[in-house]
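There are 4 protein chains.
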Amino acid sequence: MTYKIAILGASGYTGAELVRLIATHPDLKIAALSADRKAGLDMGAVFPHLRHLDLPTLARIDEIDFSGIDLCFCALPHKTSQDVIRKLPKTLKIVDLSADFRLRDPAEYEKWYGNPHSALEQQGEAVYGLTEFYRDQIRNARLVAGTGCNAATGQFALRPLIAAGVIDLDEIIIDLKTGVSGAGRSLKENLLHAELSEGSHAYAIGGTHRHLAEFDQEFSAVAGRPVKVQFTPHLLPANRGILATVYVKGDPQAVYSALENAYEGEPFVIMCPFGEAPSTRHVRGSNFVHIGVAGDRIEGRAIVVAALDNLTKGSSGQALQNANLMLGLEETAGLMLAPVFP
Amino acid sequence: MTYKIAILGASGYTGAELVRLIATHPDLKIAALSADRKAGLDMGAVFPHLRHLDLPTLARIDEIDFSGIDLCFCALPHKTSQDVIRKLPKTLKIVDLSADFRLRDPAEYEKWYGNPHSALEQQGEAVYGLTEFYRDQIRNARLVAGTGCNAATGQFALRPLIAAGVIDLDEIIIDLKTGVSGAGRSLKENLLHAELSEGSHAYAIGGTHRHLAEFDQEFSAVAGRPVKVQFTPHLLPANRGILATVYVKGDPQAVYSALENAYEGEPFVIMCPFGEAPSTRHVRGSNFVHIGVAGDRIEGRAIVVAALDNLTKGSSGQALQNANLMLGLEETAGLMLAPVFP
Amino acid sequence: MTYKIAILGASGYTGAELVRLIATHPDLKIAALSADRKAGLDMGAVFPHLRHLDLPTLARIDEIDFSGIDLCFCALPHKTSQDVIRKLPKTLKIVDLSADFRLRDPAEYEKWYGNPHSALEQQGEAVYGLTEFYRDQIRNARLVAGTGCNAATGQFALRPLIAAGVIDLDEIIIDLKTGVSGAGRSLKENLLHAELSEGSHAYAIGGTHRHLAEFDQEFSAVAGRPVKVQFTPHLLPANRGILATVYVKGDPQAVYSALENAYEGEPFVIMCPFGEAPSTRHVRGSNFVHIGVAGDRIEGRAIVVAALDNLTKGSSGQALQNANLMLGLEETAGLMLAPVFP
Amino acid sequence: MTYKIAILGASGYTGAELVRLIATHPDLKIAALSADRKAGLDMGAVFPHLRHLDLPTLARIDEIDFSGIDLCFCALPHKTSQDVIRKLPKTLKIVDLSADFRLRDPAEYEKWYGNPHSALEQQGEAVYGLTEFYRDQIRNARLVAGTGCNAATGQFALRPLIAAGVIDLDEIIIDLKTGVSGAGRSLKENLLHAELSEGSHAYAIGGTHRHLAEFDQEFSAVAGRPVKVQFTPHLLPANRGILATVYVKGDPQAVYSALENAYEGEPFVIMCPFGEAPSTRHVRGSNFVHIGVAGDRIEGRAIVVAALDNLTKGSSGQALQNANLMLGLEETAGLMLAPVFP
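Protein chains in written order, with the working numbering: chain F, 452 to 793; chain W, 452 to 793; chain B, 452 to 793; chain V, 452 to 793.
Chain F extracted, bound-state conformation (with noise of 0.2 Å):
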């Protein structure tokens, strides 16, 4: 049985990244796609790498028909999500992937990103989509949020730690750089060529980057007492790949421990040899994480490092896995590209 599918905010990197996804997904089939100011084009003109692909004309959202569509990936700027799913029909299956309805609490979503929430009865029942971790929930969700990319990034690296007890949860430093496709394709001077290639800098230091509300939410919940980590993000001269490097307080042996019990069996997430470090470039285009471990010379002192794809892992592959789930399908299939590399 094929699947029909739509996306919303198709001419942003993430709706290109499902579309790129799908493409080959035996299961599914393009049936819609939006975005509003493009509406009318042929996503070829838009996204010129999918021109060999037969897909449906950019329309406007209200020019789409969800009747036959049985499920949506909203990739729309936050905000906008919340106020355009308070409209889609109440049946419709969904995976968003903005920010809006990743946090459980709307307070701390207000905190965070400055408004109050207008879709109050839909985040109520979203589940949080880091799908190693709610993949039970998610099977049986009718919404589903996309994690942050480099939420989900530490995550990897931190939940089986903080579930193990095997670090000082008082102690955590995640030093983080981010490609920069995940300021997504918004005109903004330092987004240019020009500004960001050839070297790199720090951004949102001092704790007030929002994926903060994120692992403030996660970590806490998994720990069950409140916990707050320092996170540091940098931009990377290249477009796609997070790499996490993780500093804890704990036994190096057993932080390695904890991660490969944890991640036995998953099919998307891969531990390196002890002592050996991962990197962007070898998960790129894919939706796999590297994670690698070693001890510091300074004893009772690990450092964890986690690799993935923010545009596949990091948005739209969890996304697309979510959505295997929910539909009842192979949560893999589609998803089993080898990275591009070189």
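Calculated from the structure, these hints are not laboratory results.
Possibly wrong hints are sitting among the right ones.
If chains are identical, the list can't say which one is meant, so a pair holds when it fits in one copy or spans any two.
Taking lysine-lysine pairs in the BS3-like style, the calculated list, with each CA pair at most 27 Å apart, reads [as the list claims (entries may be wrong)]:
1) Lys639 - Lys489
2) Lys700 - Lys538
3) Lys562 - Lys679
4) Lys562 - Lys455
5) Lys639 - Lys530
6) Lys455 - Lys489
Fit chains W, B and V to the supplied structure of chain F, relying on the hints for placement.
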């Protein structure tokens, strides 16, 4: 039915690219991998992006039992390749990715490569592997010679024009820009990141690049008279991608029509609308070729631009496309992966 | 003696490059900087790489007192530039970096830029700023029009050949590769890092790039008859650097000699040994031009390759070289900085 | 007066960077260049970006007459350097850029570098070359040991904090990102463009990087007690630049004040406004260090970020700054070149 595949030279980029593509191919299974200097290692240690796959350990060629192999890819350096292929079972289907079997005339081979050919018998039976133009011979071939990646790009732009008689055969200039992975994983100072990034230069200027031998052979064959083109390759600070900007004398619309007609129905060759130029970014990691045409302001001149990924359509993807034909499989099997952008 | 300098349009890349160069110039002092939208800001806030300098605060143009200024650089967008320069004191020495005063024929200006010229008086007195070929006029000029960066590169390769009569004037092709900073600091989707990095494409194909107007004007003047070249620019995934690969018909040795003779004693134009091609990496951040020549395998054809840094020799370095002459200073003052490699 | 300079190891990146800087230095003249394997070649053949300079031909070290040399830079690999310097005239002023004379304790040297030191006498007299902190000793030194580039970056961020007693000495983490040119011009597979571009990874994780020996020596000396930091370097896909993100426990304002006080009047160390983070792009090609500080959301924690160019302030620029002092010249002579951006 699943066919068993061997890849010789799996520690190079074209070898790894074959593994990447075959990883999601429905009908092929990798049964043997060779890499003489890295024999005994796991593929994941040599190419960590393939870490998630269950692959045979790298072996020396003489350790491989070819009796159970249905088709063998040779991704060895030229000269090595002919020595190895000469000794392989005479009934084994082979797709060679080196330069060794591309030229039909042994004298031409010796002129451009500097050594007499050591496997003349195999050279005699080899079919030139530009699938779109040798499809029927490839279907029945035992040994197919993969084309040069630059040679493939130039031919996609020019063969239909020569065949249709719409351009001046004595006034063809190919200005080509190529990513660095085409030079392989070899330890050369000029391939270091610090030497290559952030700039560009021409190399092999003055008509000395070996792929000229392929242009001469193929274009002359199509034209039925000697054709000699000018060809200047440049290195791009990018890993993948070849862009051939081809200057011809002829009517631009006739040029466009000749290409459009030639590629009608071709699954991997995509024409841009007239006047639009393709980009290497939009074919990255895929088996697609994008071709654009524009007329110049000087009447009677046209510019044809062709873009492909040197590691995919330029070598390993092409090789797999040929293997599909040789094994009686769907030509596009495992090759419809959409390009990875950004 | 120290001369006082104003830079209008200091928030763009060419403005910042002027500041960088003047920072170590022995005889110049920056007395005023304008940037209308960023007026009131420190230069270090707009360009942190200039943070260490003691510079005037960015002002609106109408806030600047030009009475104490010896020379003014205009690094404004074209069209804005003519409106501003029309109103500047008639005795002020000006080096303009825009396209507004490059073309001598107002009709040509209107044809290529789409609007009638608004400062015809100033256009009439402007001297074309390609220093090596207009040195004497520049020395006595009040207003010098900086050349297009692509136009400069092509002219360095071709002017001596046209002047010497060693090439066929109807068969000139300029295939040019340019870094992205030439497009300025403007917010366009196609200048984003994610859109531009890791690949290349041709733009303005078919003879539509505005720098063709300069080629037409200059080459025809040198030849004493109309000369029309073919010119196709490509974007490189690099910030700085232009590489012009020029295809000509003529004797390669005669071509080399004509260039060698023309540039003998020139401080900034360096000939590579015959047969060697230059690289943009090797002129980065400097005012040097490197030129190489090779013969093709087809007799009677030569390839000339010229490399320069679009922001330095292609615009701001050239502008400073001209300013030096206009102020009676050593032409090379402040400009002998060696290229930055790697 | 002009001083005569020799550079040993001129075919590496730090050697070439010395030539670049000295090219516009008012008081120095390059009298000899060595490069054993490339002896007999012109510098322009080895580094075409220096093609415009009139330089001595590359020679073997034993061909150089040191009697007329005022100061010698040794840009040789470590271990080679000590063997060469041991045999140089005892009165020759030397700035060594290798690791050989950085560590005062020969046992520490042997522990981190794996071989006993062969020039103990010279090691005994060497002064550690971090100019801002050893200025007086350097002025009177015969032999100055250039610091590690990573070691310099970390020390700029931390020395004043340790000296001022404003941070917890047992809780210091340095997460460092470095451009690839720091690894030199060596033929290693992991330095190829195809391996390094478009991604990032940690290396030497777990406290194994040799620059830790410098951190231990220097921080312990400043503190007057043993200090051991955590240090994880990462490779950036960029040629130049080091960014050190340093996590400390202490009051952020006290941290900022300590740095501001320490660097008041320093010509090359620039503090960003509180809360702002520097970028490697903004120091590229220059001798400047930019330092930023922010407080974390967790009270009592601060983040210090330092950025410099590994080839300039991290090695060759630092070396020249030291040479200026040793020769009684202005410390900043030849070093005020503004960074090259973009």
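The hints, checked one at a time:
Taking the shortest Cα distances, Lys639 and Lys489 sit within 27 Å of each other both inside one copy (19 Å) and across copies (16 Å). In this assembly of identical chains, the alpha carbons of Lys700 and Lys538 never lie at most 27 Å apart, being 47 Å within a copy and 48 Å across copies at closest. Only within a single protomer do Lys562 and Lys679 lie at most 27 Å apart by alpha-carbon distance; the minimum there is 16 Å, versus 39 Å between protomers. In the homo-oligomer, the alpha carbons of Lys562 and Lys455 never lie at most 27 Å apart, since the shortest distance is 37 Å inside one protomer and 51 Å across protomers.
In this homomeric assembly, Lys639 and Lys530 come within 27 Å of each other (Cα to Cα) both inside a single copy, at 19 Å, and across copies, at 24 Å. Proximity of Lys455 and Lys489 under a CA criterion of 27 Å is satisfied intra-copy only: 22 Å inside one chain copy versus 47 Å between copies.
When each numbered hint is compared with the structure, violations occur for hints 2 and 4.
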